[in-house]
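Novice: Put together the whole structure using the sequences plus the hints.
Protein chains in written order, with this note's numbering: chain A, 479 to 1111; chain B, 74 to 603.
Read the hints as simulated data drawn from the structure, not as lab findings. Check before you lean on any hint, since a few could be wrong.
[Claimed, not checked] No farther apart than 20 Å at their CA atoms in a straight line, the calculated lysine to aspartate or glutamate pairs in the EDC-like style are these:
1) B:387 - A:559
2) A:998 - A:1061
3) B:376 - B:243
4) B:387 - A:647
5) B:427 - A:558
6) B:239 - A:559
7) A:561 - B:432
8) B:212 - A:862
9) B:387 - A:646
10) B:367 - A:647
11) A:768 - A:701
12) B:316 - B:260
13) B:239 - B:413
14) B:239 - A:558
15) B:312 - B:265
16) B:212 - A:864
17) B:212 - A:1082
18) B:312 - B:252
19) A:694 - A:715
20) A:941 - A:902
21) B:273 - B:290
Since we're looking at a predicted model, the values are computed, not measured.
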Amino acid sequence: MWRDRLIQLALWGVVAAGLTAASLVGGRMRSRQKELGLLTRAADESIVKDPRIALLQIAPGGLRAPFLTYLWIRSQRMKDEGKLFDAKQLRDLICDQMPLYASVLGYHAWDMAWNISVQTHTPEERWMWVHNGITLLRDKGLFHNPKDIMLYRELAWIFFSKMGQYTDEMHMVYKSRWAAKMQRLLGAPPFTAETKQAIEAFRPIAEAPDDADALKADTDAAEFLQGLRQHGMKPEEASFLDKFLQYYNRFSPDTGVAEFQWDRKEPAPAERPIAELIRSSWNDAEQANKAGLAKVLAFVRRKILKQRYKMEPEWMLALMQKYGPLDWRQVNAHAIFWATIGLKRAQGLDVKDIQPINTGRILLGGLKSLTRTGYMYYTPNPRDPESPHIDWQPDWRFIEPTHQAYLAAGLLLVGDRQKLHADENPLAGGHITYLADAIMQLYLGGREADADHYYQELKDLFKPYGKIYERPVREFVIAQLREMGTPPADLARAFWQASLRNAYRALAGGNHAGYLSYHKFARQWYEVFSNDTGNQRRLRAPPFRDQEREFLGDLMLRPSKARLYVPLLAKVRLWGSLCQMKEKSSILRQLYPAIEGRLRHECERQKVDFEKAFPPPPGYVPKPAQQPQAARG
Amino acid sequence: MRRFWAVARVTFLECLRTRVVIVFLVLLAVCVLAMALTMEGDGTLKGRIQTFLAYSTLLTQLLLSVVTILLATGVVAGDIRHKYVLTVVSKPLPRWQYVLGRWVGIALLDAVLVGLAMGSIYGLSQYLRTRQTSVERKKLLGQLPPRAGDLDRLAVNSEIFTARAKKQAEPFDVGQQVEAKFQRLVEESRLDAVIGSRIKRELQSERIKSRSQAPVDVKEVERRLRDARTRERIVAAIKADLKKEAIEERQLVVPGEGLTLTFKGLQPPRGRKEPLQLRYRLHPMHTPESRTLKSFWNVFNPKTGRGRLPWNFKDDSAEAVSSFLFSPKAVSDDGELTVEYWNFPRPGFITPVKVKADEVNVLYRVGSFEGNVVRAGMLILLALMFLAAVAVLFAVFLSFPIACLGCMIVFAIAMMSGFIHDATKLNVYTQKEPTAMDYFSHGVTQVAFFFLPSLSESSPGTALVDGMNIPFRRVLRESLVMIQRPGDDSTGLWRKLGFQVRAGAGLRAWLCLGLGCLIFWRRELARVQV
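Specialist: The structure is reproduced here in structure tokens:
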């Protein structure tokens, strides 16, 4: 009996000692957690922010650590073995268990976007994994860690490097899928040479109210909302945003979002009143209803940008004001957004305080990419709305902001404009290369004055060595092209052929101003070429009109010959634009018989109405069908 | 023997009537059904089915293991605790028959439960197979032409609902290279110098082990150099090193060059149109920032050249398994296949790449999914029979809660066998000499897994997920014992013996039962008080 009692007392003593030791260690553990920043949120705050995750963290109890270890080991082992079927679930579970560990979230997002995606081989799967990486960072990582700069950088890097560059064999899939999302949300920016107009087109979204009550306070918007309410669409409903956007895209005459007019499906009976409301508001002569429609549209776009894409329209507008007319359908624009917004949220910086040194590679790289590809031409794909055809051309409006960004970064490093060319400026090489490319682009685009301006800047700032820099800009450009291996005799041909290509590419994309600019340049260089080769009969090119007609024929029937891919709807747009140009009528009348047969066949294959898509050009008279000759005698 | 079967029958019926079986059955049914309907995997149909197969077989194994442990310990320990066993042992029933009968009853119940569970898993996986892939949905909506390829459906049929064998590429034949290098050593009169330097290194390491400070004895070096047996041993070691070097050189594909691999002994069923799969892993010397490599693959019939693809140019993930499907026409009638890999340099992707022959495999169908499911069920049953035997063993001398706890610990250790083996390996993760604790933990692991099966390795879920064949030989091995050549994971002892005995769960179950019978035979169940 006494033995048993002794054992009990001894065990009680062990229990007491254990509890004492635990309480002594507990205090030190808590202070150490605070030092290392591991305690970032109180339990009740976790529950309020995300009850599901709070529960997930508590449920495993004391086995949480070995459970997490098992999940990590399993996720990496399965990935190494090429087994991806539960990769997302495992990673979601790990990240839900460790939501405050930004490095964990950053690692898994990178893993999915880079490593796992390339183990799949279809566009859908590739895009899914890259998109998984984006949503993990944007929706989960930044939600729990809004001030962690590393997560913003990772997100920006996915947009810039994975989606924006060209090393991935499916980079076009990522670009086109993202463009489709943004096209549905924001539509196309206005095609204009003026930065200001593009920015003003976005301003209503940035200035729209945040909540429905503030929207209703506006009389124009309230009237329009009342009209919607009468037809069963209530702004308070969760589905209002998506429904309104869908109806606007389908029924409004807005060319920025509309599908081709002749290809539009008629609204279903239940949709007719709303379609009519949108159309009549758009065409409203008194402008009040049109204003109401515009305000509601801006509100809807703003809400979706904030709620779904976690973006800030004000910041987007500020970036456009600083860096140029960012087309938000472009992935590089989003790379710039995420690279800079992190500095604001984490360090409280304003847009004017953002320096390329902070964001370095992504900001400068993004702006350079936009200089080369900033003008996006979007052609919807009716058979797969998620995979539109996109094409692009250089956008000169980004040259000055990029140049200024380089200057600002360089000045921060060396302190003095006169020292920009020195070895202390590591950005000098990149800046010189960028300016040289920009000069060539501007010159080949017919903007000789701008090209000359940047040529002078290049020489003044960097004092480059070489006789090539002592020559006028025209010879500088020719010398650059010669360095690429183009013989002198073909330079003019290269210029006008390339410009003609760019001109019709712009027209196919709906950019009339771009077409005019390139076409003029093509004409000029054709005349230079003709003058140079005029006395050599064998080198003489056919007349420009004939060249143009042949080129257009190739574009319609064999675009690959011009190294272009022109989907049917882009051809429709091109034909429509050409038919409106009087000076093209004779070319089109000559061309039409040659292209009619093949285009009709292509339209039949893709279930497109040929008569609507490719109407005969003005003044065209079809040749009568030849009657068989009557037999003699 | 009729009494033995009576015990088994009574056990079976007794367990069947308990609420434990019903509750676990219902739980299993609900969970498996929920998994089939809710799990999405990676968004593809293939991923969905694989997720379902992986988690349903794992859950089946877990739940049935818990049921088995609870029932087996419950019936035996319960009998002893409530003294029902006295009415049994006082009958002319040998004690060993009682123990064995209880075990057989539990095993029969397990067989029924496994049959039901695997039948449901099979049925639900066939149901999932009928679901549409995203390409099929698009075809229905007219977004894709009817003849558009559907890789997802192809993968489902050829990679999951099948039973495939794996064939490695033939090892690089470097015999001639090795001989040439060795002859060069001889011709350049460097052989003696090389042998001498190796002998010196051996002597140095002997001195380090014996903690001697004395320098290497030159006369000893010369003596060993003259000894024929030592020379023979060292020449063999030199040739082995030359062979390793030659293989390393062959494996490393520099930019602009290629590597040819051959496969022999492939047996794709004639007349089938199912594609074969090539699986491989690429190891770049310098991993690009994007962690992807650009590779070219060409697969063709060495006799006819058929199956030669236009260059299959693709992105591969560095250091991870990649794969692609190819036509069975690429395999010759005598089962040979040629695969070419080219490391094509492109800006940003210029790096030598190592391709190991044993990491390049061809997977081809050798059986049916149905047969695989049956064999998978048998493997699960064998594991449950082992657990039942352990439970009966513990229950004959421990109370129910302690016996349960002991069984759960055994089960947990057996399920984590892979992790424990990796964690207690010597000299894997550090360059330092193993400490006493490392040896101790390694030793304990080796001893423990002499008695315990590796349930994680024998689990059939991975094979079903991958569509890999579970050969009947494996089931036999798990039933009893298999004698085979030592593998890479075998210890030095087996390698010295030249063969390895691998005991399966079945044999271990018999050992546990034997021990249980012995203990029960000697156990005092009641005391006569006068």
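Novice: Look at each hint and say if it fits the structure.
Specialist: Hints, verified against the model:
1. The straight-line distance between the Cα atoms of residue 387 of chain B and residue 559 of chain A is roughly 18 Å, inside the 20 Å bound, and the hint therefore holds.
2. The straight-line distance between the Cα atoms of residue 998 of chain A and residue 1061 of chain A is roughly 14 Å, inside the 20 Å bound, and the hint therefore holds.
3. This hinted pair checks out: residue 376 of chain B and residue 243 of chain B have alpha carbons roughly 17 Å apart, not beyond 20 Å.
4. The suggested pairing of residue 387 of chain B with residue 647 of chain A holds, with an alpha-carbon distance near 8 Å, which does not exceed 20 Å.
5. Taken as a hint, the residue 427 of chain B and residue 558 of chain A pair is honoured in the structure, with Cα atoms around 16 Å apart against an allowance of 20 Å.
6. Note on residue 239 of chain B and residue 559 of chain A: the hinted pairing holds, with a Cα-Cα distance of about 14 Å set against a maximum of 20 Å.
7. The hinted pair formed by residue 561 of chain A and residue 432 of chain B meets the criterion: a straight-line CA distance of about 16 Å does not exceed 20 Å.
8. Among the hinted pairs, residue 212 of chain B with residue 862 of chain A is consistent with the structure: their alpha-carbon atoms are about 11 Å apart, no more than 20 Å.
9. Annotation: proposed proximity of residue 387 of chain B to residue 646 of chain A holds, straight-line Cα distance about 10 Å (limit 20 Å).
10. Among the hinted pairs, residue 367 of chain B with residue 647 of chain A is consistent with the structure: their alpha-carbon atoms are about 9 Å apart, no more than 20 Å.
11. Between residue 768 of chain A and residue 701 of chain A the alpha-carbon distance is near 11 Å, which keeps this suggested pair within the 20 Å criterion.
12. Restraint check for residue 316 of chain B and residue 260 of chain B: satisfied, since their Cα atoms lie roughly 19 Å apart, inside the 20 Å limit.
13. Between residue 239 of chain B and residue 413 of chain B the alpha-carbon distance is near 19 Å, which keeps this suggested pair within the 20 Å criterion.
14. For the hint linking residue 239 of chain B to residue 558 of chain A, the alpha-carbon distance of about 18 Å falls within 20 Å, and the restraint holds.
15. Note on residue 312 of chain B and residue 265 of chain B: the hinted pairing holds, with a Cα-Cα distance of about 14 Å set against a maximum of 20 Å.
16. About 15 Å separates the Cα atoms of residue 212 of chain B and residue 864 of chain A, which keeps this hinted pair within 20 Å; it holds.
17. About 18 Å separates the Cα atoms of residue 212 of chain B and residue 1082 of chain A, which keeps this hinted pair within 20 Å; it holds.
18. For the given pair, residue 312 of chain B sits about 8 Å from residue 252 of chain B by alpha-carbon distance, which is consistent with the 20 Å threshold.
19. The hinted pair formed by residue 694 of chain A and residue 715 of chain A meets the criterion: a straight-line CA distance of about 15 Å does not exceed 20 Å.
20. For the suggested pair residue 941 of chain A and residue 902 of chain A, the alpha carbons sit about 15 Å apart, so the restraint of at most 20 Å is met.
21. At roughly 9 Å between alpha-carbon atoms, residue 273 of chain B and residue 290 of chain B fall within 20 Å of each other, so this suggested pair holds.
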